[in-house]
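Taken in sequence, the protein lines are chains U and L.
Using the working numbering, the letters of the first sequence correspond one by one to residues 1 to 113.
Using the working numbering, the letters of the second sequence correspond one by one to residues 1 to 115.
None of these hints come from the bench; they were simulated from the model.
Because the structure is a prediction, the values reported are computed rather than measured.
Be careful, since some hints might not be right.
For lysine-lysine, the following DSSO-like pairs were computed, each having C-alpha atoms within a straight-line distance of at most 30 Å [said to hold, decoys possible]:
hint, chain 1, residue 1, chain 2, residue 2
1, L, 22, L, 69
2, L, 49, L, 69
3, L, 114, L, 22
4, L, 49, U, 9
5, U, 71, U, 9
6, L, 49, U, 71
7, U, 70, L, 114
8, L, 69, L, 58
9, L, 77, L, 58
10, L, 58, L, 114
11, L, 114, L, 77
12, U, 57, L, 58
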Amino acid sequence: NAGVTQTPKFRVLKTGQSMTLLCAQDMNHEYMYWYRQDPGMGLRLIHYSVGEGTTAKGEVPDGYNVSRLKKQNFLLGLESAAPSQTSVYFCASSSPALNYGYTFGSGTRLTVV
Amino acid sequence: AQSVAQPEDQVNVAEGNPLTVKCTYSVSGNPYLFWYVQYPNRGLQFLLKYITGDNLVKGSYGFEAEFNKSQTSFHLKKPSALVSDSALYFCAVRDITTGGFKTIFGAGTRLFVKA
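This is chain U alone, in the form it adopts within the complex (with noise of 0.2 Å):
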């Protein structure tokens, strides 16, 4: 099924270490964005791509990195894990063609220890 795909589903980390997750999307969107899901904080936008090449912060951004090198990809990493990182990250995709609306991945519960 066409759908927004995030690798892994579950990880854990010592503090320091890094990683890259993995989005990759397969209807053509032009946007792409991760955010990260925190009990009693909602959704957090921690960055976000309007097309290939171009990567833009958003709210809380700091730690992280991103790049989108290809339109159907967006890769978030994480240079040295801190366990203020431990979160439920989604990744998701959207197309001014279909109004903006979003299309998540089912997310990747990582925790830094």
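Mind docking chain L on chain U? Use the hints.
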């Protein structure tokens, strides 16, 4: 500033009864409004949207939402709740102040439907 508010953290309703999940918004210009649902351990799923036209919008799983411009509200409704409707519901509005690329999400309302 553009914003969206969900005044209730939790809504409890008995199965078979009508349900309403409230949402109010503050935007400049014409709003693009959305509802999403999140089931346990899942990503958010699109339910419905209002862009223009009829104020009553019908969506997935029997849900509908009523756009009220004068009250700046976009409440989610369902005539008869099911236990399987228990989930976290998010109202959202397209943020046109930053080029329209982003969406602002409410804090979410947890719906409990009791059998």
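Hints and how they fare:
A distance of roughly 14 Å separates the Cα atoms of residue 22 of chain L and residue 69 of chain L; the hinted pair therefore holds under the 30 Å criterion. For the hint linking residue 49 of chain L to residue 69 of chain L, the alpha-carbon distance of about 15 Å falls within 30 Å, and the restraint holds. Between the alpha carbons of residue 114 of chain L and residue 22 of chain L the distance comes to roughly 19 Å, so the proposed pair stays at or under 30 Å and holds. The suggested pairing of residue 49 of chain L with residue 9 of chain U holds, with an alpha-carbon distance near 28 Å, which does not exceed 30 Å.
A hinted pair counts as satisfied when its Cα atoms are at most 30 Å apart, and residue 71 of chain U with residue 9 of chain U qualifies at roughly 22 Å. A threshold of 30 Å between alpha carbons decides the hint, and for residue 49 of chain L with residue 71 of chain U the separation of about 25 Å falls inside it, so the pair holds. In summary, the hint linking residue 70 of chain U to residue 114 of chain L is not supported, as the alpha carbons are separated by about 46 Å, beyond the 30 Å threshold. With a CA separation close to 17 Å, the supplied pair residue 69 of chain L and residue 58 of chain L stays within the 30 Å bound.
At roughly 10 Å between alpha-carbon atoms, residue 77 of chain L and residue 58 of chain L fall within 30 Å of each other, so this suggested pair holds. In summary, the hint linking residue 58 of chain L to residue 114 of chain L is supported, as the alpha carbons are separated by about 24 Å, within the 30 Å threshold. A hinted pair counts as satisfied when its Cα atoms are at most 30 Å apart, and residue 114 of chain L with residue 77 of chain L qualifies at roughly 17 Å. Taking the CA atoms of residue 57 of chain U and residue 58 of chain L, the gap is near 34 Å; set against the 30 Å cutoff, the hint is violated.
Checked against the numbered hints above, the structure violates hints 7 and 12; every other hint is satisfied.
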